[in-house]
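**Q** Protein chains in written order, with my numbering: chain X, 1 to 170; chain W, 1 to 101.
Incorrect hints may have been included.
[Claimed, not checked] Covered, in the sense of this in silico footprint (three residues per stretch, anywhere, with C-beta under 8 angstroms from a C-beta of chain W), are these stretches of chain X:
{"id": "1", "region": "28-36"}
{"id": "2", "region": "84-97"}
[To be verified] To give a feel for the contact side, a few chain W residues facing chain X, derived at Cβ under 7 angstroms:
{"id": "3", "residue": "Leu29"}
{"id": "4", "residue": "Tyr33"}
{"id": "5", "residue": "Val38"}
{"id": "6", "residue": "Arg55"}
It should be emphasised that the hints constitute simulated quantities derived from the structure, not laboratory data.
In this text the structure is predicted, and so the values were computed from the model without any measurement.
Ideal Cβ positions, reconstructed from N, Cα and C, are used throughout, including at glycine.
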Amino acid sequence: MVEFDVVDLPDADHVAEGDTAPEFTRPLVNDEFWADASLSELTDDGPVCLVFYPMDGAFPATYIWNELRDRELGDLLTVVGISISTPYAHKRLIEEREMAYDLFADPANGVAEAYGVAHDLDGMAGISGARPATFLIDEDRTVQYAWVAEEWPDFPPYDDLVAEIRALVD
Amino acid sequence: MSDSDPQITLYRLQAGPYCERVVRVLQDLDLEYASRFVEPMHSERDVVKRVAGSRPVPAIVDERTGVTMSESANVVEYLESTYGSGLVDGDGDGDSDGGER
């Protein structure tokens with residue numbers, strides 16, 4: 001896709017398949033408001049696809065959410081994103097992408113750290129975000145599928161992800 | 001949320017003085033509440049219009065009494081007359097334990 005080598009990321013000691021997904025509570029943003037919510041509140045309702053993505057505004061966020069929006073996964077399970085952007089930025093992204101998924105706001109990046117997917121941003125002193133990563137989490141909060149970027153930039157393997165989602169929910 | 005879901009939902013702005021006034025009263029009365037944050041632009045507040053009939057915040061929804069109310073003076077008066085001086089037990093467990101939780 002590009003004419004040059006993308007940058008390899010160092011190995012990540014991330015949450016893996018079979019692990020219990022770390023619990024967290026953060027403001028969960030929808031197209032109208034935000035309120036604190038926990039991961040287990042979402043998994044209590046069924047499987048969850050948790051998507052870590054680089055902060056709102058740059059092309060990775062745009063491309064990832066355009067693709068996931070177009071694949072219309074909301075009927076199969078709960079798709080929810082998380083980045084370091086503020087609730088205000090999340091509301092803009094949800095509106096601009098016209099997406100039917102909610103987004104957790106984690107400006108201090110603690111959730112990405114807990115999942116082992118934190119990524120210090122080169123040239124932005126003091127800002128750490130997440131490398132792109134997707135975790136399929138079942139009702140018991142067990143991770144059934146994990147994908148974590150190994151390059152920068154990198155994008156979820158959407159076809160594989162959807163196949164794993166269908167295998168989990170069917 | 002869970003079994004301990006607060007019965008009072010507060011629609012609020014981040015650091016809105018009228019909203020903070022209501023927050024202070026909720027805290028003084030030792031009431032559990034869930035915050036839903038909306039944005040300054042009224043055009044961004046359809047959810048408040050839907051639940052409260054109009055867009056100003058603060059607005060509260062009290063599941064226990066079925067009351068929905070906006071404007072901080074009204075809300076403060078409602079909270080103090082309903083939950084102040086031990087009229088109704090604020091912790092939702094039905095007994096009157098003087099607000100101890």
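**Q** Look at each hint and say if it fits the structure.
**A** Evaluation of the provided hints:
no., hint, result
1, 28-36, "holds (count 5)"
2, 84-97, "holds (count 3)"
3, Leu29, "violated, 20 angstroms"
4, Tyr33, "violated, 11 angstroms"
5, Val38, "holds, 5 angstroms"
6, Arg55, "violated, 12 angstroms"
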